[in-house]
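Chains as they are written, first to last, in our numbering: chain A, 1 to 324; chain B, 1001 to 1280; chain C, 2001 to 2317.
If you are wondering where the hints come from, they were derived from the structure by calculation, not from laboratory data. You may find that some hints are simply not true.
To be verified - Label pairs and their calculated CB-CB ranges:
1) C:2246 with A:169: 44 to 54 Å
2) C:2307 with B:1164: 42 to 52 Å
3) C:2204 with A:318: 40 to 50 Å
4) B:1017 with A:58: 20 to 30 Å
Claimed, not checked - Chain A residues, not near chain C, derived (Cβ > 12 Å throughout):
5) 6
6) 9
7) 33
8) 57
9) 60
10) 69
11) 118
12) 126
13) 131
14) 142
15) 199
16) 236
17) 254
18) 271
19) 297
20) 323
Said to hold, decoys possible - Looking from chain C toward chain A, a few residues come up when the C-beta cut is under 10 Å (computed):
21) 2186
22) 2191
23) 2194
Glycine included, C-beta positions come from ideal geometry on N, C-alpha and C.
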Amino acid sequence: MLLTVADLAIDLPTPGGPRRVVHDVSFTLDGGDSLGVVGESGSGKTMTALALMGLLPEGATVSGALRFEGVDLARLGEAQMQKLRGDRIGMVFQEPMTALNPLHRVGRQVAEPLILHRGMSRSAAWAEAVKLLVRVRLRDPERVARAYPFALSGGERQRAMIAMALSCSPKLLIADEPTTALDVTVQARILDLLATLGAQSDMAMLLVSHDLAVVARHCRRVLVMYGGTVMESGPAEAVLRDARHPYTRALLEARPRAGAARGERLRAIAGAAVPAGAEPRGCPFAGRCPMTMDACHATPLPTIELAGDRRVRCLRVDAEGRPT
Amino acid sequence: MSAAAPQSRRPGGLSLRLGAALVALLVGAAALSLVWTPFPPGAIDIPHKLLAPSAAHWLGTDSLGRDVASQILAGARVSILVGVIAVGIGLVFGVALGLVAAAAKGIVEEAIMKLCDFTFAFPALLSAILLTATYGPGVVNAIIAIGVYSVPIFARLTRATASSALAREYVLAARAAGRGPIAIAFDHVLPNIAPALIVQATIQFAIAILAEAALSYLGLGAQPPLASWGRMLSDAQNWMYVAPRLAVYPGLAVALSVLGLNLLGDGLRDALDPKLRARS
Amino acid sequence: MTVPLLEVVDLVKLYRLPRAGWFAPHPTRRAVDGVSLTIHPGRSFGVVGESGSGKSTLARAAMALEQPTAGIVRLDGHSLFDLAPRALRAARAEMQMIFQDPYGSLDPRQRVRRIVAEPLINLAHVTRVQRAARVLEALRAVGLTATDADKYPHEFSGGQRQRIAIARALVTRPKLVVADEPVSALDVSIQAQVLNLMSDLQREAGVTFFLISHDLAVVGHLCDDVAVMFHGRFVETGPAAALFKAPKHPYTRELIDAAPKLEEAPIVAVDAPPNEEAPGGCAYAARCRFAQSRCREAAPALRPLGDGRSVACHFPL
């Protein structure tokens, strides 16, 4: 198993003491597989991805196991993490304009991991970078390599970021909202590109997104997070077509659908998401959940294993996955 | 990934209190000197010159027998006067120019900024010296010279911060709500750029005090019998081997005032930020 | 036939770009290239487009927040750009705006009470007492309370801030509310709440929305009529339901296909070259699956097809 995360918990320092923003997160990811982590803001999905990359904010503490290729990432020091980043673990972020250095040419940035991790010479790395830009389907790769980030479109910049992330053929690609800042037509192409590249090279992909549909189409498995913990997980198609957890169902029903009648009321989820860690015991969704009962506030969530590698964490779901 | 928690900071906190205390000391000294000083600051008493600190003269006397403590108190008056008026000139004209530049943009903005650049091209202190040497030494001319040099500093700062504030969506929302440009400047721009201006004002105040001390040191600022810390430093120079303490007292007075103002500026900026105010 | 609420006629907005050399001409970017639309009271209008389509510029010009290079904007029959500044400010009581960024559109140094009251300040006929009452009325309409009025924006979440922005837009009881991507920055569950609120306002308070969005589903949810914008021009217009069910322009088809849906896989168009300014021809020709030589030579005009639909294409679907 390439990546095993077990009982991950992340505490962030706050003026009032450490706050647990992620708790009890466990999942596995094998080479060639793709996992989507879906959640709204405050769900803890970005923190989880940052923990894997070793990029949590100053003062954060991590407990639990993050085993990547047998090594526990949480125990590694910064120097060792730097060796992994860009080499065995590739990362793509949301905002290509801020993730790329505006003062360096794109080609140089794409070549940087090659120089750093593979010890290539500058010219050899540049040539390889251009080849990578071809691989991410950029037209006129020479022009893109010579350009500065501001001269490129959002889609071109993101493709360059992907080229950079893939330069050393990482075993794991972590993409945090890679297409959220892009137009929908560009988004479709970029996601398609990621899926194809992943399939070509037996690379594992962890895709973090707030958009269920994006995850449904491009990830084989999905993790639905809320309030810092996993609510439901399983094969993407199954989970999203036949959601068992009240939160997943509510999320699916809240989306406006093109073609729906004008003015039709959406099934909104009442209230606002509590910041993760506010509800120390019990279910974070308690109170907002239409199926809340008293026990939900105080009882720790069980993990119910269902057929087809599915898991649901809810007190109102029985052992067969049916609502009680 | 350490487990240390960051120190919690109440808005301003230590900086604000310490700064306010030092500035209060400065203002208090000046106010006090208006009604009472141990001895008349300008009273020359040659037989009692260069005395060490004693019960009668708390900080001793200078080369002309004048009581040092009284001069320090009276010197505070001059420092504050110079600071307030010079910074006042800088704020009023500088902020006005900066707002006009930020709002008008185009050629007006260019012209105003070039004017500021032009002023910066002249070394401030040398120009102050030139002005006071040409128009005669004295506190008033010193204030004007220092004030004029504060104007471009505030103008630039205002233009930069106001431009960024004007680009914000809440300004667009105010326009959509039907507010005119003057109303927007007072209601939305000034309150949002005020923190930066306040910090700069305290820094400029400190610079004004230093500049006044420098000018007085050169004999171009406050003229005797008006007490000034700069002049005291100048006098002390001649007696460095005999009574070095004569340089320490005014030097310390300047240093503490400048420190207090800077701390106050930092503290105020934090205290004025609504985000850091006590949560409701 | 009632007087249209908002009428835009041949709006053009050009931006001058820095020139290549001292003697080279300034290239211009045609952000809005001849757009006309009519919004009738009670029929909300949506503009769909991606980044660079000019839709935000169109919204700002319609609100008279930007001076267009050419064209007329009429609110309730009055041409906005012909009004004196004071008269224009008074006219703004009828027309308010909601912005995309809930974090940037509220002044962080003002309390909510003051923010929501702002559009009322210039209305001479509203006294201070009435102003306070209207502010509370507006806050209640968006689901906030009187205690919220004394707080600062940073004490609220994104969704709540957007509600404050909506309350501000409603306080003058405007006829038209221009909403520029009002829910894009919000989470799905909050988006649904805000969209429901906007639907309620349409139904109960008779608000007409001029909605700008890149999200077809959001536009379809709130709008009766839709226009699809590409490169500064409308490429297709018509009633929302009909347009989404059977689009006539290849770009509309591309947008509908590309939107991520749970029900089917998005159809990914073949990678296209970046949008270059094709002089003279249809701006979409470079990307269009069905482009022919005629498309590259002459730009098609927006032509009515009947049933209230229009399309700018030589070979409509």
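Verification of the supplied hints:
In this structure the supplied range 44 to 54 Å holds for residue 2246 of chain C paired with residue 169 of chain A, their Cβ-Cβ distance being about 46 Å. Look at residue 2307 of chain C against residue 1164 of chain B: about 49 Å separates their beta carbons, and that is inside 42 to 52 Å. Distance hint for residue 2204 of chain C and residue 318 of chain A: a CB-CB separation of about 42 Å, consistent with the stated range 40 to 50 Å. Under the hint 20 to 30 Å, the C-beta atoms of residue 1017 of chain B and residue 58 of chain A, about 27 Å apart, fit the expected range.
With 12 Å as the threshold on Cβ separation, the claim that residue 6 of chain A sits away from chain C holds: the shortest Cβ distance comes to roughly 28 Å. The beta carbon of residue 9 of chain A sits about 23 Å from the closest Cβ of chain C, which is more than 12 Å, so the claim that it is off the interface holds. Residue 33 of chain A, annotated as away from the interface, keeps every beta carbon of chain C farther than 12 Å; the closest lies near 19 Å. Look at residue 57 of chain A: its CB is around 19 Å from the nearest CB on chain C, clear of 12 Å, so calling it non-interface holds up.
With a cut of 12 Å on Cβ distances, residue 60 of chain A stays outside the contact zone with chain C, its closest approach being about 22 Å. No beta-carbon of chain C comes within 12 Å of the beta-carbon of residue 69 of chain A; the shortest separation is about 32 Å. With a minimum CB-CB distance of about 28 Å to chain C, residue 118 of chain A clears the 12 Å threshold, and the non-interface call stands. For residue 126 of chain A, the requirement that its beta carbon stay farther than 12 Å from each beta carbon of chain C is met, with the minimum near 23 Å.
Annotated as non-interface, residue 131 of chain A keeps its C-beta farther than 12 Å from every C-beta of chain C; the closest such distance is 17 Å. Non-interface call for residue 142 of chain A relative to chain C: holds, since the shortest CB-CB distance, roughly 15 Å, exceeds 12 Å. For residue 199 of chain A, the non-interface assignment is confirmed: its Cβ lies about 15 Å from the closest Cβ of chain C, beyond the 12 Å cut-off. With a minimum CB-CB distance of about 10 Å to chain C, residue 236 of chain A fails to clear the 12 Å threshold, and the non-interface call is violated.
Under the 12 Å C-beta cut-off, the non-interface status given to residue 254 of chain A relative to chain C is violated; the minimum distance is some 4 Å. Not every beta carbon of chain C lies more than 12 Å from that of residue 271 of chain A, the smallest distance being close to 9 Å; the non-interface claim is violated. For residue 297 of chain A, the non-interface assignment is confirmed: its Cβ lies about 20 Å from the closest Cβ of chain C, beyond the 12 Å cut-off. Its beta-carbon lying about 20 Å from the closest one in chain C, residue 323 of chain A satisfies the requirement of being farther than 12 Å from that chain.
Taking 10 Å as the C-beta cut-off, the interface hint given for residue 2186 of chain C holds, the closest approach to chain A being about 9 Å. Restraint check, residue 2191 of chain C versus chain A: the minimum CB separation of about 7 Å is within 10 Å; hint holds. Interface restraint check for residue 2194 of chain C: the shortest CB-CB distance to chain A comes to about 9 Å, inside 10 Å, so the restraint holds.
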